[in-house]
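J.: Here is how the chains run, residue by residue.
Number of protein chains: 2
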Amino acid sequence: MNKILATALCLAASSAFFAGAQEINWSRPHKQSIVANPDSTLTVSFFAPEAKNVTLTGFTPNQIQLSKGDDGNWSAEIPGVKPDLYTYSFIIDGVKTLDSGNTYILRDCNNVMNEIIVAGGNADMYVTKDVPHGTVSKVWYNSPALGKNRRMTVYTPAGYESSGQQYPVLYLLHGMGGDEEAWSDLGSAVQILDNLIASGKAEPMIVVMPNGNAEKTAAPGFSDEGLYFPEFDHSISEKDKFEKAFPDIKNFVEKTFRTKPGKGNSAIAGLSMGGGHTWKISMLMPDAFDYVGIFSGAVGWNGHGVDEISENDAMLIQNQFANPPKLYWIGIGRDDFLYELNKGYRGFLDSKGYKYDYHESAGGHTWTNWRDYLILFASQIFK
Amino acid sequence: MNKILATALCLAASSAFFAGAQEINWSRPHKQSIVANPDSTLTVSFFAPEAKNVTLTGFTPNQIQLSKGDDGNWSAEIPGVKPDLYTYSFIIDGVKTLDSGNTYILRDCNNVMNEIIVAGGNADMYVTKDVPHGTVSKVWYNSPALGKNRRMTVYTPAGYESSGQQYPVLYLLHGMGGDEEAWSDLGSAVQILDNLIASGKAEPMIVVMPNGNAEKTAAPGFSDEGLYFPEFDHSISEKDKFEKAFPDIKNFVEKTFRTKPGKGNSAIAGLSMGGGHTWKISMLMPDAFDYVGIFSGAVGWNGHGVDEISENDAMLIQNQFANPPKLYWIGIGRDDFLYELNKGYRGFLDSKGYKYDYHESAGGHTWTNWRDYLILFASQIFK
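Each protein sequence line maps, in turn, to chains A and B. Under the numbering used here, read the first sequence as residues 701 to 1083, first letter to last. Under the numbering used here, read the second sequence as residues 701 to 1083, first letter to last.
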C-alpha cells in the first residue's frame, strides 16, 4: 500500500492535478526558454512546432526574429545583453504568449510580461539575497479627503518587529498606469532596500508606497471593482487631488508605524506622474520633507497637460526653499521625453538660486533608470 | 506646448512605452476573451487569426475545442458553468498561452494560469468587497530548528493596527507544490476572511500562512535561490521536519503579534500535505490547539509514502484526545484520491472513541473544496 499511495500523492502533487487541468506544456521536463550566458549573450529556445513565425519582445532590438529548427524549437543568440531586469514575451503568429519555462511574471498596468534578471552591476541589487529581510505589508488606510478606504504597500526594515526603535520614512510614488504594487514589484524596491540596508549603504527606513490614483482605492483585483481589465486612463488622477489628500497618508503612517518625527526623518520621491506628485506635495507641505526625489518627473503636470510654472506654484516653491530641504534631487535620462520639461524646470530653479542635486543618466523613461535612481536617492537620505 | 506634452504623456503612459516594448496585442482596444453571462454560460472569443487549432483548458470538460470564425476569433459557448474561481489557459497549436485580455494570473507550483470568478454561491466569498480589509504581510522569522530565516504570510484582521486588542490565531498550511503564497493567492483566504469577519460569520482572527517546505526558505523568487523554475519535488518536505520545527513559528507569532493566549485561541488547519502537517503538529503539541482542521489530509504521510497509523502516532493521538480539542474537523471530497486513506483514519478514530466532525463534499482534491472547507472551518472556531 505504501508504494501505491506514495505514487498517488506524487501524481496528485503535480500542478496539473492541483489545477484540475491537463496542461500539455507542463508534462514535458522543464527547459528554460532563455538562458543568460557568462559571455553576456542570451540563448533563446522556445518550443512551438506548429508556429509559422515567432518573435521575442523586450530586449534590444525590441522585436527579435527567432529561427525555427527541425526539433520545433525557435531560437536566437542575443549578444551584448547588459545586466538588468528585463520583461519579455513571445509573439507567436501575432499572439502574445508568456513563457511556460518561466513562472516569474510582472504586470505594468494591463501588460503582463515574463521577468528575467541578467546579473551584474546594479541588477545585483534587484535580486533577493541571503540578507536580513524587511516586512512587506498591504495595509488599508482611511482617507477622509478622498472619502475612501485605500490600499498601500509598506516596507518595514529587517528587525522592525522586535527592535522597538523608531525609523525614518520614505514615501515612494508610482507613475501613470501604476498603483501601490508598482514599486514593490516592477521597481524591485523591496530587494533594493533590503540589499542597501544590509550593506550599510542606506539607513534602515520605512518605505510607504501608496496608490497615487485618486479615483481608485487599490490595485486591480484588490478593490470591489472586481477583476476588471485595467485600461490606461489618466482621469484616475485628477489635478492635485491625490497631492492635496496626501496628509491622510502621512497621518496614518505616523499613527500606525514607529516613525521618527520631523522633517529630517521624512523623504518623498516618485517617478513620472509620481515625480509630479512629489514635486507638488513637497511644496504643499514645505515643513514635511528634508529629502525630495523627482525621477523623470512630470513637474508642472496639471492632470491634463503641462503648463509653465504657475504663479501660485512659484510662490509655493519660494516658500519651500525659504527653509530648503537638505536634498532636492532631480534625475532624468537623456532620451526621456520629459527631458526638455525638466531642463526648463532646472532653469527655473537656477534663475531663483534654489539648490538641487541633478543626475543625468543614459536612457529614457524606463524602470531601469527608476531603479537606479532609487538606489542613488535612498543611499543619500537620513544621513 | 500644452497639447504636445499632454499627448506625449499619454503616449508615455501606455504600458507598451513603460515596458520599453511594442506589444502588438495591447494596441488593440481591450476585448475580454471570456465573458460570464447571467444564464450560467461563458462566452469565449480569443483572437488568433493564424492559428490552426485553439483549445481552452480549465473548465468542464477540461479541453474545450474552440471554433474559428472569419474574423480570426476562436469561440465557444460553455453552458452550465457553476459559480467558482476558475483557472484557465489557451493552447494554441500545442503552445500554452495566457489570455492577453485578462491580467489576473495565479501560480500553482510551476503552473501559471489566468483567473476568472463566476459569481454566486461560495464564489461570492472569493471576491474583494467594500468591507473593512485586513492587512496582509510577508514577514521573515528565524527558525532555530531549521537553521534558516524563513518567510510567512500573515493576515491581521481589519482594525488590528488601531484596536490594541489581542486576537486568536489560525495557522493555515498549504499542500505539496505550494508555499507561503498558496492560501492567500490561490486559496482566496484574504477575501474569505475579510468577508466572513465583516458579515459576522467568523471572529476577527490572525491567520498565519507559513512555508511548509522544510528545505526552502520562501516562495520562488523570494529566496536567494534566484528566479528558478519551481519543480515539484517532495524532498523539500522531509519526514516530520517541518512539523517538529513548528514551535519556532508559534513562538515568533506570539512574540510579534498581539495574540490571545491559550489553547482556546489557537487553531491549525491545512490541505493535503498541510492536512498531514496539521494532523502531526496537533498531536505533537496536544495543549496548543483547540481547533484542528484536516482538509483532504495526507494523514499518516511520512514523507515518502503512507503508513498505517504507527504505534508512536497512536500514542500521541491518545495523548491529544485525553484532553481533546473542541473541534477536530475532517473534510474531504468523495472523488479525492485520499478518500480511502481518510476513511481508514476515521475508522481508527471511531474505534478509539475519539470525537471529530466530518464533512464530506462532492468533488476531489481541489481548491474549490479547500476554499469551501476554509469557509466552514473558520466559521466554527473561537466561538
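Do not rely on the hints blindly, as some may be mistaken.
The calculated BS3-like cross-link candidates involving lysine-lysine, where the alpha carbons are at most 25 Å apart (straight line), are [to be verified]:
1. K768(A) x K796(B)
2. K939(B) x K901(B)
3. K768(A) x K752(B)
4. K955(B) x K960(A)
5. K955(A) x K752(B)
6. K955(B) x K796(A)
Source of the hints: derived by calculation from the structure; they are not laboratory data. Small disclaimer: the values here were computed from a predicted structure and weren't measured.
J.: Could you run down the list of hints and mark each one as holding or not?
T.: Hints, verified against the model:
1. K768(A) x K796(B): holds (18 Å)
2. K939(B) x K901(B): With a Cα-Cα distance of about 36 Å, the restraint between K939(B) and K901(B) is violated, given a limit of 25 Å.
3. K768(A) x K752(B): holds (18 Å)
4. K955(B) x K960(A): Status holds; Cα separation ~23 Å.
5. K955(A) x K752(B): Roughly 59 Å separates the two Cα atoms, so the pair is violated.
6. K955(B) x K796(A): violated (48 Å)
Violation of the numbered hints given earlier is confined to hints 2, 5, 6; the remaining hints are satisfied by the structure.
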